[in-house]
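The listed protein sequences derive, respectively, from chains X, G and U.
Those letters in the first sequence? Residues 53 to 185, per this note's numbering, in order.
Those letters in the second sequence? Residues 133 to 699, per this note's numbering, in order.
Those letters in the third sequence? Residues 359 to 796, per this note's numbering, in order.
The set of hints was computed from the structure by calculation and includes no laboratory data.
Heads up, simulated DSSO-like pairs for lysine-lysine below, C-alpha to C-alpha not over 30 angstroms straight-line:
#, chain 1, residue 1, chain 2, residue 2
1, X, Lys78, U, Lys767
2, U, Lys540, G, Lys671
3, X, Lys55, U, Lys717
4, G, Lys668, G, Lys288
5, X, Lys55, X, Lys169
6, U, Lys409, X, Lys169
7, G, Lys218, U, Lys445
8, U, Lys605, U, Lys537
9, U, Lys409, X, Lys83
10, G, Lys173, G, Lys619
11, U, Lys445, G, Lys216
12, U, Lys413, X, Lys78
13, G, Lys218, U, Lys468
14, X, Lys83, X, Lys111
15, X, Lys179, U, Lys739
16, G, Lys668, U, Lys537
17, U, Lys413, X, Lys179
18, U, Lys739, X, Lys83
19, G, Lys668, G, Lys654
20, U, Lys409, X, Lys78
21, U, Lys361, U, Lys409
22, U, Lys425, X, Lys83
As a plain string of letters, each chain reads:
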Amino acid sequence: MTKIALNLITGRTIQQGVAMEGGKEKDAYTKACGIIEMDISDLKKLGAWRNTNVRVTSKHGSVVVKAIEATQGPHPGLAWIPLGPWANCVTDPNTYSTGMPTFKGVPIEVEIAINEKVLSSVELVQKKCRGEI
Amino acid sequence: MSEYLIKNGFVFDPVQGIRGDKADVAVRDGTIVDNVSSGAKVIDAAGKTVMAGAVEIHAHIAGPKVNEGRNYRPEDKLFTYRPKGKGSRMAGGFSIPTTFKTGYEYARMGYTTAMEAAMPPLFARHVHEEIRDTPIIDEGAYPVFGNNWFVMEYLKNGEIENTAAYIAWLLRASKGYAIKVVNPGGTEAWSWGLNCLTVNDPVPYFDITPAEIMTGLMQANEYLGLPHSMHVHQNSLGNPGNYTVTLDSLKLAEKIRPNNKFGRDTVLHSTHLQFHSYGGDNWGNFESKSKEVMDYVNKQKNITIDTGCVTLDETTTMTADGPFEHHLTELNHLKWANIDVELETGSGVVPYVYSPDIKVCEIQWAIGLEIALMTRDHMRTFITTDHPNAGPFTRYPRIIKWLMSAEARKERIESFKHGAKMVDATYIAGMDRELSLYELAQMTRAGPAKALGLANIYGGLAPGMDADVAVYNFNPERSYKPDEIEKAFSAAAFVMKAGTPVVVDGEIVSNGNKRTLWVDAKTSENPQVMRDIRDKFLKYYSVNMNNYDVAGHFLTNPRVIEVDAAR
Amino acid sequence: MTKTVTDVLCPFCGTLCDDLEVVVTDDGKTIVDVYNACAIGAEKFMHAQAKDRVKRPRMQQADGTYKEVSYDEAVEYTAQMLANARKPLMYGWSSTSCEAQSVGHEIAEKVGAIVDNTATVCHGTTLIAVQDVGIPSCTLGEIKNRADRILFWGCNPAHAHPRHQSRYSIFPRGFFTNKGHKNRKVVVVDPRRTDTAKMADYHFQIEQGRDYELLSAFRVAIRGEWLPDTVAGIPKERIYEAAEMLKSGRFGIIFFGMGVTQSLSKNHNIDNAIMLTKDLNDYTKFSIMAMRGHYNVTGSGQVMGWQFGFPYATDLSRGFARYNPGETTSNDLLVRGEVDAVFVIGSDPGAHFPISSVKKISQLPSVCVDPHITPTSEVSKLHVPVAFVGVEVGGNCYRMDNVPIDARKVVDPPEGMLTDEEFLTRVNQRLDQLMEVE
Numbered sequence: 053m054t055k056i057a058l059n060l061i062t063g064r065t066i067q068q069g070v071a072m073e074g075g076k077e078k079d080a081y082t083k084a085c086g087i088i089e090m091d092i093s094d095l096k097k098l099g100a101w102r103n104t105n106v107r108v109t110s111k112h113g114s115v116v117v118k119a120i121e122a123t124q125g126p127h128p129g130l131a132w133i134p135l136g137p138w139a140n141c142v143t144d145p146n147t148y149s150t151g152m153p154t155f156k157g158v159p160i161e162v163e164i165a166i167n168e169k170v171l172s173s174v175e176l177v178q179k180k181c182r183g184e185i
Numbered sequence: 133m134s135e136y137l138i139k140n141g142f143v144f145d146p147v148q149g150i151r152g153d154k155a156d157v158a159v160r161d162g163t164i165v166d167n168v169s170s171g172a173k174v175i176d177a178a179g180k181t182v183m184a185g186a187v188e189i190h191a192h193i194a195g196p197k198v199n200e201g202r203n204y205r206p207e208d209k210l211f212t213y214r215p216k217g218k219g220s221r222m223a224g225g226f227s228i229p230t231t232f233k234t235g236y237e238y239a240r241m242g243y244t245t246a247m248e249a250a251m252p253p254l255f256a257r258h259v260h261e262e263i264r265d266t267p268i269i270d271e272g273a274y275p276v277f278g279n280n281w282f283v284m285e286y287l288k289n290g291e292i293e294n295t296a297a298y299i300a301w302l303l304r305a306s307k308g309y310a311i312k313v314v315n316p317g318g319t320e321a322w323s324w325g326l327n328c329l330t331v332n333d334p335v336p337y338f339d340i341t342p343a344e345i346m347t348g349l350m351q352a353n354e355y356l357g358l359p360h361s362m363h364v365h366q367n368s369l370g371n372p373g374n375y376t377v378t379l380d381s382l383k384l385a386e387k388i389r390p391n392n393k394f395g396r397d398t399v400l401h402s403t404h405l406q407f408h409s410y411g412g413d414n415w416g417n418f419e420s421k422s423k424e425v426m427d428y429v430n431k432q433k434n435i436t437i438d439t440g441c442v443t444l445d446e447t448t449t450m451t452a453d454g455p456f457e458h459h460l461t462e463l464n465h466l467k468w469a470n471i472d473v474e475l476e477t478g479s480g481v482v483p484y485v486y487s488p489d490i491k492v493c494e495i496q497w498a499i500g501l502e503i504a505l506m507t508r509d510h511m512r513t514f515i516t517t518d519h520p521n522a523g524p525f526t527r528y529p530r531i532i533k534w535l536m537s538a539e540a541r542k543e544r545i546e547s548f549k550h551g552a553k554m555v556d557a558t559y560i561a562g563m564d565r566e567l568s569l570y571e572l573a574q575m576t577r578a579g580p581a582k583a584l585g586l587a588n589i590y591g592g593l594a595p596g597m598d599a600d601v602a603v604y605n606f607n608p609e610r611s612y613k614p615d616e617i618e619k620a621f622s623a624a625a626f627v628m629k630a631g632t633p634v635v636v637d638g639e640i641v642s643n644g645n646k647r648t649l650w651v652d653a654k655t656s657e658n659p660q661v662m663r664d665i666r667d668k669f670l671k672y673y674s675v676n677m678n679n680y681d682v683a684g685h686f687l688t689n690p691r692v693i694e695v696d697a698a699r
Numbered sequence: 359m360t361k362t363v364t365d366v367l368c369p370f371c372g373t374l375c376d377d378l379e380v381v382v383t384d385d386g387k388t389i390v391d392v393y394n395a396c397a398i399g400a401e402k403f404m405h406a407q408a409k410d411r412v413k414r415p416r417m418q419q420a421d422g423t424y425k426e427v428s429y430d431e432a433v434e435y436t437a438q439m440l441a442n443a444r445k446p447l448m449y450g451w452s453s454t455s456c457e458a459q460s461v462g463h464e465i466a467e468k469v470g471a472i473v474d475n476t477a478t479v480c481h482g483t484t485l486i487a488v489q490d491v492g493i494p495s496c497t498l499g500e501i502k503n504r505a506d507r508i509l510f511w512g513c514n515p516a517h518a519h520p521r522h523q524s525r526y527s528i529f530p531r532g533f534f535t536n537k538g539h540k541n542r543k544v545v546v547v548d549p550r551r552t553d554t555a556k557m558a559d560y561h562f563q564i565e566q567g568r569d570y571e572l573l574s575a576f577r578v579a580i581r582g583e584w585l586p587d588t589v590a591g592i593p594k595e596r597i598y599e600a601a602e603m604l605k606s607g608r609f610g611i612i613f614f615g616m617g618v619t620q621s622l623s624k625n626h627n628i629d630n631a632i633m634l635t636k637d638l639n640d641y642t643k644f645s646i647m648a649m650r651g652h653y654n655v656t657g658s659g660q661v662m663g664w665q666f667g668f669p670y671a672t673d674l675s676r677g678f679a680r681y682n683p684g685e686t687t688s689n690d691l692l693v694r695g696e697v698d699a700v701f702v703i704g705s706d707p708g709a710h711f712p713i714s715s716v717k718k719i720s721q722l723p724s725v726c727v728d729p730h731i732t733p734t735s736e737v738s739k740l741h742v743p744v745a746f747v748g749v750e751v752g753g754n755c756y757r758m759d760n761v762p763i764d765a766r767k768v769v770d771p772p773e774g775m776l777t778d779e780e781f782l783t784r785v786n787q788r789l790d791q792l793m794e795v796e
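Chain X with its partners taken away, still in its complex shape (with noise of 0.2 angstroms):
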């Protein structure tokens, strides 16, 4: 199974910020936040079509995602998920002392997981909490 590096940045979308105040819990949310923006080269790397399911995995922990073409690029080699839960399932807890996790810069690898599904925000939390996935 092809698996290709990337570096992960994480942060706000308009997408996500409408979607969180019309409630986490519902499809909106998932749409806007459990996906990974990805350059369209690394794309073709990976050897996915858009919109296909992947598994994201860092030291940290793995999440599967939507994988999208880059709506701010090009950015070959970064990647970006919005911030929300299936980000922080892989985003480093390590603070270095000073607090704050490293939400941004974080090595990945991604791979198609075409027959993995993309988990509701409240499922993903309740199932990672509970050592389920």
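Given the structure of chain X, go ahead and fit chains G and U onto it with the hints provided.
Below, chains G and U without anything else, positioned relative to chain X:
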């Protein structure tokens, strides 16, 4: 009904002319009265000094730059924290105490009223939130006007009536107390990185001079008849040779007559005069010009001053004199915070160490005390440290010690690293004057209350006045060592605020029921000014006009001083 | 028929727009429309009265489902939890009013809790840098009226502070800037060509995580000293050009965000950015401002500042306030297992903390005070819904430039729903009873 009788103390009350006689102070329901029933609770003040609660006329204790100081100096809290008590919150911070500590420490020293020295009107809500969280003491705040766009435009055109209408509007919107002026014109210039260093330097674009701003604001103040006079921090603070700018500024008051119904007979209050009494032209030949300045102050009866005494501590400077603070950080390379405020003012914060090993600091220390000792009319000179700029207000007892004891001053000078050079550059070594308790009562109670237009409420023990009373473990008829002065005034034996005991044996026993003072000046309708205000909010402010003024629920127990200024 | 409530504050982000107009039904009960808000603010108002709004507290059952309980039961659980904990964490505070924050602080002092706000995952590293080197700054109106050089470093206001550029930083015509954006030059430093970058005169597409080097290069360039051929992926010619452009302005401002606060150099990035600003003051007037996220995280820092002396991460557990980021910050405390109860209000750590911290919250006695269902509420033992500040209850808030504005109440909260302040006050009173008995 609640009655107290504070018995047998040595009373010092300039309002009634009592100079240390044994007298009783009777209190009923929060007010001083002639006598009380036999059911009154007796507070034994035998062998102790009794004065009215002190009035702080100028300190930086509430607002955005004060809080920036707190948040950016976590080190200021180290080793200072007192855990919460039965009726008190935890309290910490040395040069910038938390609001709880501010209230408690003032109260423990017998201070019962304090005025926040500079309120940027856009941040008035913040100032009032901090005032609410400062227990016990009554407080008011002075909005700043000396760099305000409305003021500069009106005064450029000589429109005193419009200036007055705007001032009245702003006092009401910000729930402020008086006209404060800081580095007139210079802080607006600082928004372009520039400054006004003399009274004749024109402000960029607005093309008005500091002299014109100060004169116009004094005229507007008397036009309105406000309780306090214009309160000014002159240009060129902290610079060697600045005493000439100070005298130029003070002379502007010569042509102005006081006009008000509050018993105020002065028209200009010059604050922290120590910082403005410097001679020489560089740090090498830096010297005291306190004599030159005080010769003028003593002659000119229509001004009041406060000293701004240096305490020789590591402290935090903070002022609306933004360019000065930038200058200071270039000097001592300590961390610099700066907040320029649209249309209104600016401010800066920089830590400073007044070291007894540095000649300049030793001279600054001397100047502050010289100003107090050279004073002829103790009802026109008030004791401050411009807290926290020259030192924390908790050092007032130490300042009192130095003022009351030539021996304590001598001891301090002898331990200076550059004592000899410092003595050459100042007057202090030749001064053996020692202030009396009566004079100190004038300088910390009756004098400031009168200057604020509150002489019938605070600063004295005459019947009808608020029952703000302080009792100190100091017997003026026994001999004492200077350090006993500092100890006695640091922690009062008993303090009462508006008839409620708040301090007993140096400890807080109640949070009291503090009030917020503000001035409501009612002027005639002025449609032009209202139109100008609406216009500037629409075009230049970043908040809506309807969100600007401080709503009533932010004020704790408002005590409104009303002024009828309609023509 | 309808009526319009004007001068309404938007309770979403640190831009704290106060010019919203909310159209409500004549009886004042229902929100019909919102004008002047960005898409996010509009959604907040329009969604506040959604039909599926949670109206009463919910307690987690043994099987993981939630059952409705009364506010009284919620108060009791919360007070007991805080009273019995040895070192509880009270986190969030950023999406509620200063009045509520103040009551929360009383509780924290009483029970010896750690009070931390969302700066801990946002601008906490900025606060650390400011404590090292200070911060030359100004109010947003100064930008509107004077600024002609705007630098957005590691932030994307087009997405995170949507009306910032039209209200303050790029487009407004101010007193000395009457040509609006035509008077201004804009630089964006961002590893992506963001929607903000698309509007800029210069976009520096920096190699992610190398901001410290580029900031240092700017400081060198403004002094005209030697630079290597590229720094952080940017050719030196462009760095010199940008430096000259910044120096040639009359009034410059650096806005910065998570790109520099959350990447690996953290507080050192901000330290360097602040020092760059200070250096630029040798040539022209320059200020710097943090793009604060939540609409009242600044307020939480202010209230905590004047009451305890620190802006976040304040540990009251020993009876006096201590502050040490890395030791007293929420994520470190959770990961190291150093707290034994978690109270969350006005924030969503369940979605915005690394999952390892969230796991700890789910294993501890926990209360989540939030009008919404969130990942936090769904792993906490108790979820307490409250009124929306700025929509259903007023309260003081502080903008990203520290200006305080009082939020308005536009409509009533749902029948019987408490506000944050009311709920906290009841918990505080119950604690007085419980702790007296001890």
